[in-house]
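Q: Read off the chains here:
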Amino acid sequence: MPGIRWGVHEEACISVLLFGPAARAAGCNRIEVRVPEGSTCAQVREALIEAHPGLGKLVGVGRLAVNHAFCSEDRVIEASDEVALITMVSGG
Amino acid sequence: MSVCVRLIEGPVGGDPCPCCPGDGDGLDASGHGACLRFDGVVRPLEDGRALAGLRYEAYEPMATNQLRLLAQQVLEEYGLLWICCVHSTGFVGVGECSLRVEIGSRHRAEGLRAMGAFIDRLKRDVPIWKSPVWAGPSSADG
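Protein chains in written order, with the working numbering: chain A, 1 to 92; chain B, 1001 to 1142.
By construction, these hints were calculated from the structure, which means they are not laboratory data.
Quick caveat: nothing in here was measured; it's all calculated off a predicted structure.
All C-beta atoms, glycine included, are put in the ideal place defined by N, C-alpha and C.
Incorrect hints may have been included.
Covered stretches of chain A (chain B as the covering partner; in silico rule of three or more C-beta atoms under 8 Å from a C-beta of chain B) [to be verified]:
#, region
1, 15-21
2, 64-70
3, 79-92
To list a few chain B residues with every Cβ distance to chain A over 10 Å, as calculated [claimed, not checked]:
#, residue
4, I1008
5, P1011
6, G1013
7, G1014
8, R1037
9, P1044
10, Y1056
11, P1061
12, Y1078
13, A1117
Model the full structure from these sequences, guided by the hints.
A: In structure tokens, the structure reads:
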């Protein structure tokens, strides 16, 4: 039927900004991950670890921020969101 | 009651914050009995090794948002009259100031408690990272 795609999940490309130790570990300041549309923060976190296993520990202890604010693990991420990995900070 | 937060490139200078009534004409009108200023200064040694300074990296839009959010929370929680925070980005040399917090309160007790609380929260929730720049002929970062 037109308009219905049974069993097909659209993918979203999520760009995740990296800073400080995470950027140094990954060798770049941005990583793109592909996740099913409607994925949560927790799913983006898992996709990050899969895409860059070397980041695993930092992703595990870090927090994700969406549109410049920390978010909960069940927050749904849209492709238009600005997502950042905030590892342990050290300002002051 | 007022909140003022800023990120600046390089060290925090000695000029008073233009937003704070602490040193200005608004002093008497503010009703404060305590005016506190904290300067965080780059130490000369890190784990016994000589530093040239520290390099600060910030996720600037979020860092500014978080500083404003934390400052507003602390202002309300401790009943402050004002709070101002300036944090450096980029390179800050040994002995220079990388963080200044100014607080005005009616009494010293809540001002002192608020200062500690604000800095603790800043070090936990504001996306700023520092890395050492070592002193000496091969002063490469890291």
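Q: Taking 10 Å as the cut and beta carbons as the points, is I1008 (chain B) off the interface with chain A?
A: Non-interface label on I1008 (chain B) holds, nearest chain A Cβ at 13 Å vs cutoff 10 Å.
Q: At a Cβ distance under 8 Å, does chain B reach at least three residues of the region 64-70 of chain A?
A: As far as the region 64-70 of chain A goes, the hint holds, because 4 residues have Cβ atoms under 8 Å from chain B.
Q: Could you let me know if the closest chain A CB is still more than 10 Å away from the CB of R1037 (chain B)?
A: holds, 15 Å
Q: Measuring Cβ to Cβ, find out whether Y1078 (chain B) lies farther than 10 Å from everything in chain A.
A: Given a closest Cβ separation of 19 Å, the condition holds.
Q: Taking the minimum C-beta separation from Y1056 (chain B) to chain A, is that value above 10 Å?
A: violated, 7 Å
Q: In terms of Cβ atoms, is chain A entirely out of 10 Å range of G1013 (chain B)?
A: Nearest chain A Cβ is 18 Å from G1013 (chain B), so the label holds.
Q: Three or more residues of the region 15-21 of chain A near chain B by CB distance under 8 Å?
A: holds (count 4)
Q: Quick check for students: does the CB of P1061 (chain B) sit more than 10 Å from each CB in chain A?
A: Not fine: 5 Å to the nearest Cβ puts P1061 (chain B) too close to chain A.
Q: Verify that the Cβ of A1117 (chain B) lies farther than 10 Å from every Cβ atom of chain A, and report whether the claim holds or is violated.
A: A1117 (chain B) clear of chain A: closest Cβ-Cβ about 13 Å, beyond 10 Å.
Q: Does the no-contact call for G1014 (chain B) survive, Cβ to all of chain A over 10 Å?
A: holds, 19 Å
Q: Just want to verify: P1044 (chain B) was marked as not at the interface with chain A; is every Cβ pair farther apart than 10 Å?
A: Fine: 17 Å to the nearest Cβ keeps P1044 (chain B) off the interface.
Q: Taking 8 Å as the C-beta cutoff, is the stated coverage of the region 79-92 of chain A by chain B satisfied by three or more residues?
A: holds (count 7)
The structure shown violates the earlier hints numbered 10 and 11.
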